[in-house]
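Undergrad: Generate coordinates for the entire structure from the input sequences, incorporating the hints supplied.
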Amino acid sequence: MDKGKHQTGRFSTSPRHTGTLPAFTLPRRTFLQVLGSGILITVTDPLALTQLAGATLPVAARIHLNEDGTITAMSGKVEEGQGPRAELSQAAAEELRVPVSQVRLIMADTDVVPDDGITAGSRTTPRNVPEMRQAAATARELLTQLAAAQWKIDVRTLEVSDGRIRNPANGQVMTYVDLAKSKDLAKRFAENTQSDVAVAPVAEWKVLGQSVRRPNSRDLVTGGHRFPSDIVRPDMLYGMVLRAPSYGTTLASIDLSAAEAMEDVVVVRDGQFVGFAAPSTHWAEQALEAAAKTASWRTEPQPVSNSTLHAHLKEHANTERARTDVKGSVERGFSEGNQVVSATYTLAYIQHAPMEPRAAVAEWSGEKLTVWAGCDNPFRARRTLAEEFSIDTEQVRVIIPDMGGGFGGKHTVEAGLEAARMAKRAGRPVWVRWTREEEFTWAYFRPAAVIECKGGLRTDGSLTAWEFTNINAGGSAIETPYEIPNTRIASVSSDSPLRQGSYRCLGATGNNFARESFMDELATAAGSNPLDFRMAHLKNERLRVVLKAATDRFDWSERRKHITPELGVGLACGTEKNSVVAACVSVEINRNRGKIRVLEVCEAFECGPILNPGNLTSQVQGCIIMGLGGALTEEIQFENGKILNPGFSRYRVPRFKDVPKIDVHLINNPDIPAAGAGETPIIAVAPAIGNAIFAATGAHIRSMPIRGDLLKKS
Amino acid sequence: MDVTVRLNVNGVDKTITTDPQRKLLDVIREEFRLTGTKYGCGEGQCGACLVLVNGEPLRSCLSPITVADGKSIMTIEGLARGDSLHAVQEAFLEEEAMQCGYCTSGMILSAVALLRENPNPTDEEIAAGMNGHICRCNGYVKVMNAIRHAANTLRSESHG
Ligand code: FES
Ligand code: FES
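Which chain is which? The protein sequence lines are W and E, in order.
For the first sequence, the numbering used here assigns the number 1 to the initial residue and increments by one for each residue that follows.
For the second sequence, the numbering used here assigns the number 1 to the initial residue and increments by one for each residue that follows.
Since the hints were made in silico from the structure, they are not lab data.
One or more of the hints may lead you astray.
Just a sample of chain E residues kept apart from chain W, beta carbon distances all over 12 Å, derived [as the list claims (entries may be wrong)]: (1) Asn54; (2) Glu56; (3) Asn118; (4) Pro119; (5) Asn152.
If you only want the chain E side, here are some residues facing chain W, beta carbon under 10 Å, derived [what the hints assert, rightly or not]: (6) Gln99; (7) Ser105; (8) His133.
All C-beta atoms in this analysis are idealised placements derived from N, C-alpha and C, irrespective of residue type, glycine included.
TA: Spelled out as structure tokens, the structure:
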């Protein structure tokens with residue numbers, strides 16, 4: 001094959017798809033620059049097929065066989081510490097039957113990779129890993145067929161391992177390197193071959209299921225990796241943006257002359273946007289400060305503060321537009337019972353506070369815009385940028401270098417837009433990285449919430465009715481996993497005084513906190529105990545298994561006997577995104593000082609077959625400790641539209657000394673498809689802690705964060 | 001008025017003429033193009049910007065460039081000897097002690113200083129020594145494992 005020339009082919013993997021495949025446009029120049037020469041294998045995404053049968057389907061180019069026999073795999077997903085780089089490399093390596101070191105994975109470069117949507121909602125494992133496996137398996141099958149054709153033997157007699165195709169009858173071997181250079185291969189790809197290739201069953205996995213280390217982890221310990229905020233372009237300027245002093249404030253006037261007079265400073269004013277680009281962040285900051293002094297602001301009153309927040313959310317609950325799910329009749333259920341219990345739970349706004357704040361570099365070359373950004377949603381970011389500057393999406397290239405963790409907080413591309421605005425005016429690349437204070441103030445928050453619960457109990461201790469309403473935080477994991485004949489479950493929007501959006505596991509954390517705390521209140525009212533009461537209402541077998549595993553390992557029943565007012569144990573469980581979790585905790589309560597300390601967390605988690613135990617352990621440990629923050633200390637304080645604690649000194653996140661003894665128990669379930677794991681392990685933490693405090697003190701814990709000071713002995 | 005500061009960065013002598021208020025962090029990143037040192041908070045709370053100055057840990061986000069005058073700075077890029085990683089770097093890899101890795105540079109340099117001071121720390125001493133570092137991926141458990149691991153390696157090296 002000519003050096004530098006591409007061959008493309010089309011290749012369907014779906015048995016259901018027999019029509020003509022849409023033409024795959026020849027790779028653009030970038031493709032060639034990025035991939036080098038070799039053969040690009042395009043495959044119709046089988047999952048897209050099942051979901052969109054009949055529609056025009058995207059053809060995804062995921063596998064490129066390089067001339068040296070190594071593989072380049074491509075994915076639109078974003079690596080931010082949750083582990084897709086290792087997992088997707090493993091997926092490709094497994095099905096191509098090569099060592100994982102032979103796979104180079106290109107992620108989240110809109111000029112090169114398929115549009116795999118947003119990296120969120122634990123979707124990479126259930127959706128993109130199978131897609132990658134299917135694409136790789138198809139490629140392997142094709143290569144094997146080609147070898148069989150050359151040797152004129154039945155393809156089924158051949159063995160494939162380590163990137164080599166072997167004829168066991170005579171020991172003849174053909175490698176991917178040989179095939180990558182073969183002219184037949186190129187021809188074969190041009191044919192529209194149908195294929196229905198099976199992926200390797202779990203029992204035969206060699207690469208998947210192993211603790212494969214993140215492929216670029218060496219660059220993380222040497223400082224060699226370039227995060228979005230580390231991107232440097234020739235002639236680049238550093239940008240800073242003028243921010244309003246508070247929510248509800250708009251710029252009335254500003255005198256930019258002092259900043260404009262500063263050497264090498266580019267000032268951009270466009271309506272409310274005022275940006276300053278300079279050869280250093282320090283100089284940009286000086287320009288910003290010079291101008292900010294002259295700004296006058298128009299203020300609209302912002303009456304809601306964190307102390308009136310929950311009353312406000314309740315008052316503005318949009319009950320007419322509630323999303324309600326009803327089973328049986330709760331009215332009947334409550335009248336059948338002999339006891340009705342109700343409680344209201346609240347959640348504060350919290351911030352993701354990612355260590356790497358929002359960051360981007362934008363570079364224009366004529367009408368073409370390239371943006372390197374820390375953002376979970378590269379293709380959406382590309383559309384946003386194209387719309388903003390009224391250019392064709394094809395003119396925008398968004399690249400997401402492996403970035404600092406976002407935890408659901410980086411779905412948007414603010415820094416990219418800001419950098420691009422300044423870069424356009426400056427005629428030079430511009431870098432923007434939000435300050436910690438900007439990140440705490442202007443990034444979206446995890447929604448605050450009011451959650452109302454009502455339960456009806458019969459004399460035999462069984463639940464007859466369940467009413468559950470989440471105001472403002474959404475419907476994730478709002479359904480109860482417990483068997484209750486009559487339920488009414490509603491998710492209601494409200495008027496959020498602050499900008500809000502996704503967070504790790506969305507509303508599931510709040511919903512599970514309220515539900516699981518309320519279950520303990522009900523268990524007590526029913527004269528039962530937390531474990532028996534749950535088990536009596538639980539049919540979900542997977543959830544029963546994790547609950548049993550966690551309580552066994554923790555020695556729950558025994559340790560519950562030793563609860564004192566200073567030492568509580570608690571448990572909670574939950575299910576979301578097709579995974580199940582249960583946690584037991586022990587908590588020390590110092591009522592003199594109003595202090596709560598979590599001593600131990602034992603968590604059992606199951607998300608189907610385990611793809612990478614090392615990474616999964618990291619995710620579960622990370623969720624548990626992150627969960628401690630939301631449970632105990634994290635809360636945005638605000639008043640008059642101003643965030644009062646926009647820094648780590650006043651917004652307390654978990655640190656080394658807060659880390660309890662952690663026992664993670666992973667349960668492998670090879671019989672179901674793999675589910676994502678970066679989120680659900682967080683949902684059992686807060687309620688288990690609250691329940692431990694309730695067990696020790698009898699105090700009802702009904703807020704996140706839990707207010708230790710309210711437990712103080714007066 | 002700009003000042004001229006002479007310093008040694010990872011073994012290389014450098015001279016920089018700049019605003020005396022400018023932070024060491026920004027000079028390291030923007031002038032020396034050593035981007036392994038990170039910004040995380042700018043208020044001394046997170047440790048992402050930590051470098052070693054004459055062997056002592058320093059939060060470069062708070063320090064004006066003038067504090068580095070005449071000193072030797074080590075950033076994460078200067079820790080390995082050629083291709084051979086420092087024992088702490090090796091241990092972070094072995095224990096998979098990073099998720100996104102953004103906090104990792106500061107953590108590693110801090111651990112290097114910690115183990116130099118105290119080659120055989122207890123878990124409580126490690127937690128206390130590292131408490132000024134925030135990891136929002138909350139990978140603290142594996143970082144602890146890595147530091148214990150590195151302590152073992154370094155001790156056996158010094159005995160062996
Ligand atoms: S950036 Fe210096 S301590 Fe956080
Ligand atoms: S590994 Fe992501 S912040 Fe520490």
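Undergrad: None of the hints should be skipped; say for each whether it holds.
TA: Hints, one by one, checked against the model:
1. Every Cβ of chain W is farther than 12 Å from the Cβ of asparagine 54 (chain E); the closest lies at roughly 20 Å, confirming the non-interface assignment.
2. No Cβ of chain W approaches the Cβ of glutamate 56 (chain E) within 12 Å, the least distance being about 19 Å, so the stated non-interface status holds.
3. The beta carbon of asparagine 118 (chain E) sits about 15 Å from the closest Cβ of chain W, which is more than 12 Å, so the claim that it is off the interface holds.
4. The beta carbon of proline 119 (chain E) sits about 19 Å from the closest Cβ of chain W, which is more than 12 Å, so the claim that it is off the interface holds.
5. For asparagine 152 (chain E), the requirement that its beta carbon stay farther than 12 Å from each beta carbon of chain W is met, with the minimum near 18 Å.
6. Residue-level restraint check for glutamine 99 (chain E) holds (minimum Cβ-Cβ distance to chain W is 3 Å; threshold 10 Å).
7. For the restraint placing serine 105 (chain E) at the interface with chain W, the shortest Cβ-Cβ distance is roughly 5 Å, inside the 10 Å limit, so the hint holds.
8. Restraint check, histidine 133 (chain E) versus chain W: the minimum CB separation of about 7 Å is within 10 Å; hint holds.
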